[in-house]
Amino acid sequence: MNGRSLMQTLAGARRVAFVGLAKNTGKTVAVTRLIEELDTNGRSLGITSIGRDGEEFDAIRPQIRKPRIVCPPGTLVATAFPLLRRSGAAHELLGETDVWTPLGRIVVARFLRVARCEIAGPSSAAELRVVIAEMLALGADSVIVDGSIDRRAAAAPSIADAVVVATGAVLGAEVKDVVMKTVRAFGWASVARVKDLRIRSLATAAANRSVMMFAERVIPLPNAFALTVKPRDLRLLLGAGTDPVLLVGGVLPESLLEALLPYAKSDRIRVVAGDPTKVFVSSKSIDWYRSRGVAVEVLERARLGAVTVNPVRPPWEHLDSRRLCEAIDAGLKHRVPVMDVMAPSYLAGMAEAA
Amino acid sequence: MHPSPGAEAGRGVRPYADRDDGIVQLSFTLPVPDSRAARTAGLEIAANMGLGQAEVVHSQPITSGYTYLVIYGSFDRRIDMESIHRNDFDIEYMDHDEVDSFAASRIGRPVVVVGASTGSDTHSVGIDAMLNLKGFDGHHGLEAYDAFSVHNLGSQVPNAKVVAHAIEVRADAIVVSQTVTQQNLHVHNLTELVEMVEGEGLRGRTLLACGGPRISDELAKELGFDAGFSKGTFPNHLATFLVTSIAGRAPEPSPG
Chain A
297 MNGRSLMQTL AGARRVAFVG LAKNTGKTVA VTRLIEELDT NGRSLGITSI GRDGEEFDAI
357 RPQIRKPRIV CPPGTLVATA FPLLRRSGAA HELLGETDVW TPLGRIVVAR FLRVARCEIA
417 GPSSAAELRV VIAEMLALGA DSVIVDGSID RRAAAAPSIA DAVVVATGAV LGAEVKDVVM
477 KTVRAFGWAS VARVKDLRIR SLATAAANRS VMMFAERVIP LPNAFALTVK PRDLRLLLGA
537 GTDPVLLVGG VLPESLLEAL LPYAKSDRIR VVAGDPTKVF VSSKSIDWYR SRGVAVEVLE
597 RARLGAVTVN PVRPPWEHLD SRRLCEAIDA GLKHRVPVMD VMAPSYLAGM AEAA
Chain B
61 MHPSPGAEAG RGVRPYADRD DGIVQLSFTL PVPDSRAART AGLEIAANMG LGQAEVVHSQ
121 PITSGYTYLV IYGSFDRRID MESIHRNDFD IEYMDHDEVD SFAASRIGRP VVVVGASTGS
181 DTHSVGIDAM LNLKGFDGHH GLEAYDAFSV HNLGSQVPNA KVVAHAIEVR ADAIVVSQTV
241 TQQNLHVHNL TELVEMVEGE GLRGRTLLAC GGPRISDELA KELGFDAGFS KGTFPNHLAT
301 FLVTSIAGRA PEPSPG
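As they're listed, the protein sequences go chains A and B. First residue of the first sequence? That's 297 in the numbering used here, and the numbers climb one at a time after it. First residue of the second sequence? That's 61 in the numbering used here, and the numbers climb one at a time after it.
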């Protein structure tokens with residue numbers, strides 16, 4: 297722990313997205329902590345979610361009562377209108393958006409008093425971006441996105457200036473298990489950014505379509521190529537040139553990397569995705585594929601702001617907070633601040649600063 | 061309706077065997093031989109679950125080294141019925157004919173549905189019950205409706221394949237089922253589908269629904285789906301959700 301609060305760690309980020317690596321990793325607690333810190337410091341904030349959150353009970357273990365998100369007076373909120381109306385929270389309606397969900401239309405409102413409200417924002421990243429921009433335009437200093445479990449879409453660099461990842465003891469019985477799973481789950485967040493200007497300009501021209509780039513030529517690829525590719529097609533394709541770079545327009549599934557492995561023996565193959573939220577690799581690590589000749593890169597990296605750690609594993613076990621934080625910090629090679637926002641030392645630090 | 065003796069306003073409810081006694085019955089297997097130690101371990105489990113006055117009413121070896129136990133115990137707290145909020149998915153269901161005529165007048169083209177049992181799940185019973193012509197329990201599946209054009213991909217389908225197929229047929233909705241899963245694997249598998257749909261830029265125009273015995277509407281929404289369906293769901297429930305959601309959506313912007 298570096299002695300800085302979550303708010304100080306994230307200073308400068310106007311759009312902050314929270315992602316939990318599993319249920320009960322304390323994401324909602326971390327969101328609540330940041331709201332309190334921003335409010336204490338007189339900052340105006342907006343809040344929305346992707347998917348839905350803020351329920352009173354945990355959806356898998358109903359005996360766990362979840363902290364509802366408490367919004368201070370003046371908070372802007374973007375949520376499905378029926379939920380806002382049903383919450384009974386005093387609010388001023390600022391505008392309707394063109395974003396619809398099955399729960400209803402997303403509206404932007406300002407809470408007039410302290411409010412506890414379920415928040416259900418847009419379902420898609422593109423809509424989320426619009427809604428965030430709207431709240432910033434309406435005067436929010438910063439906007440918090442409460443992501444659903446394991447939902448990375450909110451962490452896309454086009455959406456979030458800072459991503460807070462919540463992890464915790466729920467991932468494993470011992471410190472080393474939690475560290476291992478946390479580090480593995482971070483694979484998507486640590487993919488290297490491609491620097492080669494030829495690749496970058498080709499990606500701009502390809503505009504989300506997949507293409508194969510060789511030293512000699514560029515071959516456009518069919519729709520959903522990366523999702524459906526057959527080993528036989530790859531053999532033909534890879535025979536068409538040297539120094540292959542596969543630019544993937546949409547999702548990059550692990551099955552594509554597996555299919556490329558046999559062809560990477562003689563020649564290194566580079567695979568480039570738009571950003572880390574498009575890369576779906578879970579059984580092996582990105583490093584593992586790179587060491588075997590299949591190198592994954594992205595056009596834009598995710599902006600990691602902080603990792604929060606919940607040492608409690610429901611219903612009653614817990615790991616040592618400090619040891620767990622230090623081990624995760626080391627496992628992530630000190631690349632991002634790691635903190636337990638419920639630890640007595642953290643809270644004492646905040647009290648001192650106030 | 062019988063009067064509910066344990067549930068008068070303000071008191072809350074608890075399990076009822078006789079006179080508001082809170083008695084519940086547990087049955088489970090322990091991986092140890094049938095013995096006094098096994099029965100004591102069973103009582104410890106009941107105590108840890110918060111049950112009072114637990115007693116083993118039955119134990120038997122089921123195979124070498126395993127014991128099956130039945131335990132009674134009492135649950136002493138009460139659940140406040142007032143505090144239980146209702147699902148948002150609280151809509152009035154249309155029947156088969158109503159869905160078809162609603163879709164004909166409000167949508168005017170078949171709703172394209174891609175369905176599968178995804179990931180490692182080999183069970184196709186859930187998705188088949190919803191989609192197949194035959195349906196189940198006298199309720200035809202979505203294939204029998206004029207309102208839908210159905211693509212059932214079967215079981216053990218990787219998420220990538222579901223998404224690829226949805227792109228190919230320009231699906232309005234993706235419906236997946238997770239019947240038998242372990243260790244909350246279904247949670248990861250379901251989220252991965254949402255993320256892939258998002259990664260392909262389809263989320264804004266694709267409805268996502270999931271179903272299975274361990275899936276609730278609450279959980280589905282938390283995972284980023286539009287709706288979740290659990291036990292007791294019939295095809296017309298799913299059908300109603302699909303056609304009302306699509307008809308209620310804002311008009312799609314015309315391309316270009």
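Don't take each hint at face value.
[Unchecked claim] In silico SDA-like pairs for lysine to any residue, Cα to Cα no more than 25 Å straight-line:
1. B:Lys221 x A:Leu399
2. B:Lys221 x A:Ala502
3. A:Lys526 x B:Glu228
4. B:Lys291 x A:Leu399
5. A:Lys629 x A:Asp473
Bear in mind the hints are in silico, worked out from the structure with no lab data behind them. Since the structure is predicted, the reported quantities are computational estimates derived from the model, not experimental observations.
Here is what the structure says about each hint:
A C-alpha spacing of about 28 Å is found between B:Lys221 and A:Leu399, which places the hinted pair above 25 Å, so the restraint is violated. A threshold of 25 Å between alpha carbons decides the hint, and for B:Lys221 with A:Ala502 the separation of about 23 Å falls inside it, so the pair holds. For the given pair, A:Lys526 sits about 16 Å from B:Glu228 by alpha-carbon distance, which is consistent with the 25 Å threshold. At roughly 22 Å between alpha-carbon atoms, B:Lys291 and A:Leu399 fall within 25 Å of each other, so this suggested pair holds.
Restraint check for A:Lys629 and A:Asp473: the C-alpha separation of about 17 Å stays at or below 25 Å, so the hint holds.
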